[in-house]
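There are 2 protein chains.
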Amino acid sequence: MSKQIHLNAFSMNTIGHQSSGMWRHPRDRSAQYNTAEYWIDIAKILEAGLFDGLFLADVLGVYDVYGGDVSEALRTASQIPVNDPALIVPLMTAATKNLGFGLTATLSYEPPFTFARRISTLDQLTNGRLGWNIVTGYLNSAAKGLGLDNQPKHDTRYEIAGEYMEVVYKLWETSWEEGAVQRDAARGLFSDPSRVHKIRHDGQYFQLDAVHLCEPSPQRTPVLYQAGASTKGRAFAAGHAECVFIAGPSKQVIKPAVADIRACVRAAGRTTGSPLVFTLMTVITGRTDAEAEAKFAEYKRYISHSGALTLMSGWTGIDFSTYALDDKLQQIRNDAIHSAVDAFTVSDPDRVWTIREIAEFAGIGGTGAIIVGGPQRVADELQGWIQDTDIDGFNLAYVVAPETFSDFVEHVVPELQRRGVYKTSYAPGTLREKLFGAGPLLDETHPGGRHRLGRRELAA
Amino acid sequence: MSKQIHLNAFSMNTIGHQSSGMWRHPRDRSAQYNTAEYWIDIAKILEAGLFDGLFLADVLGVYDVYGGDVSEALRTASQIPVNDPALIVPLMTAATKNLGFGLTATLSYEPPFTFARRISTLDQLTNGRLGWNIVTGYLNSAAKGLGLDNQPKHDTRYEIAGEYMEVVYKLWETSWEEGAVQRDAARGLFSDPSRVHKIRHDGQYFQLDAVHLCEPSPQRTPVLYQAGASTKGRAFAAGHAECVFIAGPSKQVIKPAVADIRACVRAAGRTTGSPLVFTLMTVITGRTDAEAEAKFAEYKRYISHSGALTLMSGWTGIDFSTYALDDKLQQIRNDAIHSAVDAFTVSDPDRVWTIREIAEFAGIGGTGAIIVGGPQRVADELQGWIQDTDIDGFNLAYVVAPETFSDFVEHVVPELQRRGVYKTSYAPGTLREKLFGAGPLLDETHPGGRHRLGRRELAA
Numbered sequence: 051m052s053k054q055i056h057l058n059a060f061s062m063n064t065i066g067h068q069s070s071g072m073w074r075h076p077r078d079r080s081a082q083y084n085t086a087e088y089w090i091d092i093a094k095i096l097e098a099g100l101f102d103g104l105f106l107a108d109v110l111g112v113y114d115v116y117g118g119d120v121s122e123a124l125r126t127a128s129q130i131p132v133n134d135p136a137l138i139v140p141l142m143t144a145a146t147k148n149l150g151f152g153l154t155a156t157l158s159y160e161p162p163f164t165f166a167r168r169i170s171t172l173d174q175l176t177n178g179r180l181g182w183n184i185v186t187g188y189l190n191s192a193a194k195g196l197g198l199d200n201q202p203k204h205d206t207r208y209e210i211a212g213e214y215m216e217v218v219y220k221l222w223e224t225s226w227e228e229g230a231v232q233r234d235a236a237r238g239l240f241s242d243p244s245r246v247h248k249i250r251h252d253g254q255y256f257q258l259d260a261v262h263l264c265e266p267s268p269q270r271t272p273v274l275y276q277a278g279a280s281t282k283g284r285a286f287a288a289g290h291a292e293c294v295f296i297a298g299p300s301k302q303v304i305k306p307a308v309a310d311i312r313a314c315v316r317a318a319g320r321t322t323g324s325p326l327v328f329t330l331m332t333v334i335t336g337r338t339d340a341e342a343e344a345k346f347a348e349y350k351r352y353i354s355h356s357g358a359l360t361l362m363s364g365w366t367g368i369d370f371s372t373y374a375l376d377d378k379l380q381q382i383r384n385d386a387i388h389s390a391v392d393a394f395t396v397s398d399p400d401r402v403w404t405i406r407e408i409a410e411f412a413g414i415g416g417t418g419a420i421i422v423g424g425p426q427r428v429a430d431e432l433q434g435w436i437q438d439t440d441i442d443g444f445n446l447a448y449v450v451a452p453e454t455f456s457d458f459v460e461h462v463v464p465e466l467q468r469r470g471v472y473k474t475s476y477a478p479g480t481l482r483e484k485l486f487g488a489g490p491l492l493d494e495t496h497p498g499g500r501h502r503l504g505r506r507e508l509a510a
Numbered sequence: 051m052s053k054q055i056h057l058n059a060f061s062m063n064t065i066g067h068q069s070s071g072m073w074r075h076p077r078d079r080s081a082q083y084n085t086a087e088y089w090i091d092i093a094k095i096l097e098a099g100l101f102d103g104l105f106l107a108d109v110l111g112v113y114d115v116y117g118g119d120v121s122e123a124l125r126t127a128s129q130i131p132v133n134d135p136a137l138i139v140p141l142m143t144a145a146t147k148n149l150g151f152g153l154t155a156t157l158s159y160e161p162p163f164t165f166a167r168r169i170s171t172l173d174q175l176t177n178g179r180l181g182w183n184i185v186t187g188y189l190n191s192a193a194k195g196l197g198l199d200n201q202p203k204h205d206t207r208y209e210i211a212g213e214y215m216e217v218v219y220k221l222w223e224t225s226w227e228e229g230a231v232q233r234d235a236a237r238g239l240f241s242d243p244s245r246v247h248k249i250r251h252d253g254q255y256f257q258l259d260a261v262h263l264c265e266p267s268p269q270r271t272p273v274l275y276q277a278g279a280s281t282k283g284r285a286f287a288a289g290h291a292e293c294v295f296i297a298g299p300s301k302q303v304i305k306p307a308v309a310d311i312r313a314c315v316r317a318a319g320r321t322t323g324s325p326l327v328f329t330l331m332t333v334i335t336g337r338t339d340a341e342a343e344a345k346f347a348e349y350k351r352y353i354s355h356s357g358a359l360t361l362m363s364g365w366t367g368i369d370f371s372t373y374a375l376d377d378k379l380q381q382i383r384n385d386a387i388h389s390a391v392d393a394f395t396v397s398d399p400d401r402v403w404t405i406r407e408i409a410e411f412a413g414i415g416g417t418g419a420i421i422v423g424g425p426q427r428v429a430d431e432l433q434g435w436i437q438d439t440d441i442d443g444f445n446l447a448y449v450v451a452p453e454t455f456s457d458f459v460e461h462v463v464p465e466l467q468r469r470g471v472y473k474t475s476y477a478p479g480t481l482r483e484k485l486f487g488a489g490p491l492l493d494e495t496h497p498g499g500r501h502r503l504g505r506r507e508l509a510a
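Just so you know, the protein sequences line up as chains R and P, in that order.
Using the working numbering, you'd call the opening residue of the first sequence number 51 and step up by one each time.
Using the working numbering, you'd call the opening residue of the second sequence number 51 and step up by one each time.
Note that these hints are calculated values from the structure, not bench results.
Watch out, some of these pointers could steer you wrong.
Treat identical chains as interchangeable: a pair holds within one or across any two.
[Said to hold, decoys possible] Calculated cross-link-like contacts (lysine to aspartate or glutamate; reagent style EDC-like; alpha-carbon spacing at most 20 Å):
#, residue 1, residue 2
1, 345, 234
2, 350, 234
3, 305, 228
4, 305, 465
5, 378, 407
6, 147, 91
7, 94, 205
8, 305, 430
9, 248, 119
10, 147, 87
11, 305, 209
12, 345, 431
13, 350, 339
14, 305, 252
15, 53, 376
16, 147, 494
17, 473, 97
18, 94, 460
19, 345, 242
20, 378, 341
21, 345, 376
22, 345, 460
23, 378, 398
24, 350, 438
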């Protein structure tokens, strides 16, 4: 059987997400992000298309690098307003049976004790369909919202994150042993106290002396996603992530990143097939190539250059408002090289990009590649990406929501199925079982799984 | 028109809630607390009965006073496991149109910035049906879960809570002015930056320098509930609460409490009709008095004495495991007077209670009064409580879930309607509008409302 393509939809509890300005498109519904109906409709579309999951990004701050304040982000609705993503998962849960949810949560600003409860609650309510995208935060404005002058330095953040993971693993994997929950009405025994353990953690950043408040959820630890692109981030991902999310405009950028991730995971001693690597991709499709191209041309009319550059400024730390739209990318590279900018020249060394072109590229679904075409062309391209870069699947960004997703489900999914590279039904079980054919719990080569097994050995 | 009776159902994202042991009853479904279906079913029952809301209690710790550890709480499922209540609100939202949600959230352990976002998100998803029960935490075990040796002293907690309220009012009421959100596609203007303000707060306990991440929700500040029974707690409630929740086994206990609350609110300079005062009540009903009494007798067989006393120990700080079930209450009163214990003797000065009797009383829905009877008797009793104590309504605890609620909706609601003391349809609008016939925003005599108006004056 050919390698199966994995698919997540990529969204956020906000307007436009990575397609600033597109909320002005008459068919875009993303400005309804704060209604139950919008998310329920999206979930149903994705489940009809057998998507593995909906990956929900998040930020706890604002994009205030462009122009030095939040004004342009507000005008263009560039990820502000942005609502809490955890609260839309239950809405979508009740409307679906198999769709997974990759929830982004920034661990830097919430105590592990309450966070662990929130996650266990969601994994239970979803019957084990929860993933957690581990983020350590990257906007200084978020730190200021939490009462800090600036966010901790990048490397310190990963140190904190490492200890945070240790604490939540202990809560999820160790506090309640297998068999702790008896639910034995005849004996009047709900939980067996001898199998429920206080977690005593006295670390550098976190202290804890408590039992986990929740009984074990189907997966205990949710499926772990990570999107770290830095060296420290990649080491962190290698240690913990079961799915890794990367982004880049071309195969030239993605291929070496995938190879590096797989090497890091092997070096970390994890022997099973994970992680699955997803790359960001925007697919604009229709019944034919011509129809898709016409749609692309129409979408482009709604791009917000300043909105796209507001996001790019936040991602790179470069204030793009100080450049003219017709300035050349080369000029910025001389000022401040950043991987997200550099990727454009790596992708196509002979091309001279202007700031306008960057905005028009990134304004359509962000910094991932864009594929435009009918079912055949899109399927060819996606298969080409799998083959040439060794990725496992795609985080599909939207341009117009939910049209980008429903178009994909209608036109591309059947073609991928015809080619035998996409499932025709969901696998049974939890998200971990669906993605890896194993589980529902973390395996013994994973640090979270080791926590659980450590407890078992203690008890023996 | 006679005074209308307000009704909340009282529950918690846990098993049995205040009726420990009742999960063993063959018809009780509360052990399904961690499924979507359970909560959706409850919400539909309550909305069919035109309940104002579902009041969701919460704790972030365990009941470990009884016997000095958590063992008995685990065995009897006495509020452990306990899941996050915020995540079940979206489930119920999608299944209802009018039911309100009174969400308990402990402000001591979460930064106001992220909490404010969570609440705004919920108020938007519910179309303005959210209430927030402000709790400052009361279990030492919760503090230990959050890395503190002990919780702050009671009075300090209210000082922190006061500053916390100031910060969240600023985020909800001041950060985004009226008219800040334009959603003007033609002009490409989503938000008007001149009307979105950074909240700069540099207080004793909290620092903030950020715009609120959410656009204004229908109510901005959710309807505020408070359940403080102490002097400081009552002063806090007088300043902030629109609904106050109290509990006691008899009218003798409740009547002076209501009078005191109303006097405190007048003293705080709030002139409008709020707060609504709800008292805890357990109603066991059926088609006839005899049927209800038979049901009550049957329920009693499932009381867990140790479970009820585990909860009582947590509430009072008295380790009831050190007494025999046939010990007299008088003995405990001599050891450690606590209002929750004292209330029993205040209610009936001539009665000598045993520990067993206390357990059997509190094991049926907690420390509120119990009414058992057919529709007529229950309606008589409820009307008597309204008349004699000046309360506005009831937080109805369950014994067997959701049977206690569905019985009430089936048998008592029609009788109350027939008597003209209960609505026959929901009022339009947000929860605040439904409860008070005014709103949707906090009025100008409320400290939260003053924050909003202060901004308006600044802008004029």
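Against the structure, the hints come out as follows:
no.: 1; hint: 345 x 234; result: neither (59 Å within a copy, 23 Å between copies)
no.: 2; hint: 350 x 234; result: between (61 Å within a copy, 19 Å between copies)
no.: 3; hint: 305 x 228; result: neither (41 Å within a copy, 49 Å between copies)
no.: 4; hint: 305 x 465; result: neither (25 Å within a copy, 71 Å between copies)
no.: 5; hint: 378 x 407; result: within (9 Å within a copy, 83 Å between copies)
no.: 6; hint: 147 x 91; result: both (14 Å within a copy, 18 Å between copies)
no.: 7; hint: 94 x 205; result: neither (40 Å within a copy, 50 Å between copies)
no.: 8; hint: 305 x 430; result: within (18 Å within a copy, 76 Å between copies)
no.: 9; hint: 248 x 119; result: between (46 Å within a copy, 11 Å between copies)
no.: 10; hint: 147 x 87; result: both (17 Å within a copy, 12 Å between copies)
no.: 11; hint: 305 x 209; result: neither (28 Å within a copy, 56 Å between copies)
no.: 12; hint: 345 x 431; result: within (18 Å within a copy, 67 Å between copies)
no.: 13; hint: 350 x 339; result: within (17 Å within a copy, 71 Å between copies)
no.: 14; hint: 305 x 252; result: neither (41 Å within a copy, 48 Å between copies)
no.: 15; hint: 53 x 376; result: neither (43 Å within a copy, 70 Å between copies)
no.: 16; hint: 147 x 494; result: neither (28 Å within a copy, 47 Å between copies)
no.: 17; hint: 473 x 97; result: within (12 Å within a copy, 41 Å between copies)
no.: 18; hint: 94 x 460; result: within (13 Å within a copy, 34 Å between copies)
no.: 19; hint: 345 x 242; result: neither (60 Å within a copy, 30 Å between copies)
no.: 20; hint: 378 x 341; result: neither (32 Å within a copy, 84 Å between copies)
no.: 21; hint: 345 x 376; result: neither (26 Å within a copy, 80 Å between copies)
no.: 22; hint: 345 x 460; result: within (15 Å within a copy, 55 Å between copies)
no.: 23; hint: 378 x 398; result: within (14 Å within a copy, 86 Å between copies)
no.: 24; hint: 350 x 438; result: neither (28 Å within a copy, 69 Å between copies)
Hints 1, 3, 4, 7, 11, 14, 15, 16, 19, 20, 21, 24, counting from the list given before, are not met by this structure.
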